[in-house]
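> Add chain B to chain A, keeping to what the hints say.
Number of protein chains: 2
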Amino acid sequence: MLRSTQTIHSEVPEVVVLRLPIYARVLNQLIEEGTDVISSQQLGDLLQMTPAQIRKDLSYFGRFGKQGRGYNIAFLLDELRQILGIDRGWRACLVGVGRLGRAIINYPGFSPEGFEIVAAFDRDHRRHGTLLGNISVESMECLPKTIEERNITIGIVAVPAVQAQMVVDALITHGIQGILNYAPVAPHVPPHIIMRNIDPVLSLQSMTFYMKENL
Amino acid sequence: MLRSTQTIHSEVPEVVVLRLPIYARVLNQLIEEGTDVISSQQLGDLLQMTPAQIRKDLSYFGRFGKQGRGYNIAFLLDELRQILGIDRGWRACLVGVGRLGRAIINYPGFSPEGFEIVAAFDRDHRRHGTLLGNISVESMECLPKTIEERNITIGIVAVPAVQAQMVVDALITHGIQGILNYAPVAPHVPPHIIMRNIDPVLSLQSMTFYMKENL
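Those protein sequences? They're chains A and B, same order as listed. Take 12 as the starting number for the first sequence in my numbering and just add one per residue. Take 12 as the starting number for the second sequence in my numbering and just add one per residue.
So here's chain A without its partners, still in its complex pose (with noise of 0.2 Å):
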């Protein structure tokens, strides 16, 4: 059913991509309701998404539904969480323990999807040794040697911004594959490196564009 991720990889366009999690999230609430089964159509109703659209998307993963039956939701989402990686945990560090970096460690919505922060970073050596829950903040020189031994394959980046290019250097050289990037700048990554921003601005320019006509 599952196709080879090999080929899935150059196929799905990206914007797919990032619509499969909200899929999983929503199949993950239906499970917890007790629904077995749901129809294109049902799921465009609860995602404000169109049934052809949907099915799209699933289409390129293979066929999940039988025309008229719907999908089974357990099985979907099995699927869609081996296809998305999620199905096993991520171990992450975090670069940058400020304001911004302790409320992302505190962040209770990680740990149960499976994103474990299990190392802190900073610069500022006042820092370094304060525990954060049950982590104890390194100093940068530190981060080799941890990234490895702790199997680290996520980097979170939450320094200022013009600190943000040298961390993203720091922490690929080091063998971080993924990373989540708080720095209010889109640092430049090689092609191999998949990097998200979590910029709240740039979504407010994006928002503002359909608001202005309104005022």
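Treat each hint with caution, since some may be false.
Note: identical chains are not told apart, hence a pair may lie in one copy or across any two.
Distance condition first, Cα-Cα at most 20 Å in a straight line; then the derived EDC-like pairs of lysine to aspartate or glutamate [claimed, not checked]:
no.: 1; residue 1: Lys67; residue 2: Glu25
no.: 2; residue 1: Lys223; residue 2: Glu22
no.: 3; residue 1: Lys67; residue 2: Glu44
no.: 4; residue 1: Lys223; residue 2: Glu90
no.: 5; residue 1: Lys223; residue 2: Glu25
no.: 6; residue 1: Lys156; residue 2: Asp68
no.: 7; residue 1: Lys156; residue 2: Glu127
no.: 8; residue 1: Lys223; residue 2: Glu152
no.: 9; residue 1: Lys67; residue 2: Glu124
no.: 10; residue 1: Lys223; residue 2: Glu127
no.: 11; residue 1: Lys156; residue 2: Glu43
no.: 12; residue 1: Lys223; residue 2: Glu124
no.: 13; residue 1: Lys156; residue 2: Asp135
no.: 14; residue 1: Lys223; residue 2: Asp98
no.: 15; residue 1: Lys223; residue 2: Glu159
no.: 16; residue 1: Lys223; residue 2: Asp89
no.: 17; residue 1: Lys156; residue 2: Glu44
no.: 18; residue 1: Lys156; residue 2: Asp210
no.: 19; residue 1: Lys67; residue 2: Asp98
In case anyone wonders, no lab produced these hints; they're calculated from the structure.
Just chain B now, kept in the frame of chain A:
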């Protein structure tokens, strides 16, 4: 040069709108560096995009560059700022002043870009009257009056997941047009309301899709 925004909104794909603030940001940096003119090729190098994609994106809004002469950066930035509606200021309120809310209110990136948080609400009465910067936390009951009096059009939601839909509904009822949602759910909004979700878990989950092959 700038086409009527009435026609623009229905024609422009959302992915293009999402890229416009990134163009604006990079053009701003170029101006600060003293650059006057840039080709789509150079812009593409800076943004890791093809020149054809950049020309296509900008073509939705008119003709900005002369063949072979590149873009006048100041002019293009000015037009983009008008198109995005970021040539004016916007007033926002924050709902939820827990750890995340306090990080948001102290985020240094909003104000220089024209987004001002001018009110904060929380349902916990122990937080009412607390000063965050120069903002006094108000009860949810004050929301309608404060939104109207302070001309607030954007709502920033930083409440737990279970409260998010209720808060979003209240904001919309009282005239908010755009919502920046930090709660780890995707609340439903009517079509005339624009919402952006800041959800680091969704970002991580669409990253691991690309990372799982490398393990």
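> List in ascending order the numbers of the hints, as given earlier, that are violated by the structure.
3, 6, 8, 9, 11, 17, 18 and 19
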